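Going down the list, the sequences are from chains E and X. 27 is the number of the first residue of the first sequence in my numbering; add one for each residue after it. 225 is the number of the first residue of the second sequence in my numbering; add one for each residue after it.
Read the hints as simulated data drawn from the structure, not as lab findings. Fair warning: this is a prediction, and the values are worked out from it, not measured in the lab. We treat Cβ as the ideally placed atom computed from N, Cα and C, and that holds for glycine. There could be a bad hint or two in this list.
[As the list claims (entries may be wrong)] Some, not all, of what chain X presents toward chain E, calculated at C-beta under 10 Å:
{"id": "1", "residue": "V229"}
{"id": "2", "residue": "L234"}
{"id": "3", "residue": "R238"}
{"id": "4", "residue": "D265"}
{"id": "5", "residue": "R301"}
{"id": "6", "residue": "V310"}
{"id": "7", "residue": "P311"}
{"id": "8", "residue": "H327"}
{"id": "9", "residue": "L361"}
[Stated by the list, open to error] Pulled from the structure, derived: some chain E residues nowhere near chain X, Cβ distances all over 12 Å:
{"id": "10", "residue": "I40"}
{"id": "11", "residue": "P60"}
{"id": "12", "residue": "A94"}
{"id": "13", "residue": "G96"}
{"id": "14", "residue": "R97"}
{"id": "15", "residue": "T100"}
{"id": "16", "residue": "P116"}
{"id": "17", "residue": "T118"}
{"id": "18", "residue": "R123"}
{"id": "19", "residue": "G140"}
{"id": "20", "residue": "A148"}
{"id": "21", "residue": "I180"}
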Amino acid sequence: MARTPQRAIGLTGIRAYPIGFGCTLHLRLREVIPGEQSNFGAFNMFDEGVDPAGEFADYYLRFGVGFADGRKATNLRQRHDFDEGPAPDPPTLRLVRWEGYDRLAWEVDVWVWGLPPAGPLAFVCEWPARGIPESRVEIDAGLVLEAAGRAVPIWPDHRAP
Amino acid sequence: MVPGVVPVALLVARTDTHAVLVDGLLVYPTGFDFDLAVRRDPARPREHRHRPRLWDDELRLEVRFADGRSADNDPRRRPRPSGDEVPAPPVLYQSTSGDDGGHVWLWGLPPPGPLVFACQWPAEQIPPSQAELDAGLVLAAAARARTLWSDQAS
């Protein structure tokens, strides 16, 4: 998705289900930078990236998806309570796992509630403090829709997990 | 590096209550990583389980190569190299684990032939189960991996 002389951001592992899809965001650091947080300062796991004015700090990695019909979901507006209350209006994005390796690699699993309509499906990131401007890649949403069509229930006689 | 991808979702075990899947294979020239995912039948109530204190109580995973070599997630068998000593591959390192599975790095590429993922989980009544993947898919993906920065190996 983006690459600078020191950092790169990529996306792999799109897994599609009838109600949405997951993917994995990869952050790579070329070399250890003294003073940089072990997670590259990428995410505010618990909202500490928001300053008193409600603005996100520059070190906060912005990530989102954009559908062909104009709808979008980003990590600036996450739903933390998927398991409670009514289902959110799709698309909604949630970070579900983050894990770092040897101080140079970081992975974040993303879940997007809601399947995209046919057309281009955009993945967008921006990381102001790390010199990465808004960067955008697109894939054919048909790939995701076809994959969702191949999903099968593990227990066919029950509600799909 | 940018890994090569093997787009599979391998159903390794399934009982009336649990399923174990391997997916998300990302392959590098030195090995591959993947997700070990545990699914539970949503129609059945989830039992609260205390986090196991012993590996014997956890989901056991073993990866077997066609030449007979294997590696598993038993932390007691994980090699502890010293100095410049390099352990003989394959070496399996499960970086996260728990009731929902974990994330696994396997150091070492398989030879051509069947690549077997085997698991069992006595504490959850999952008997020894396994699924195979053509190692050629992994080797082909390793050849597609590429460096991010041309003057660096990773």
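Exercise. Which hints, by number, does the structure contradict?
Worked result: 2, 5, 6, 7, 9, 10, 18 and 21
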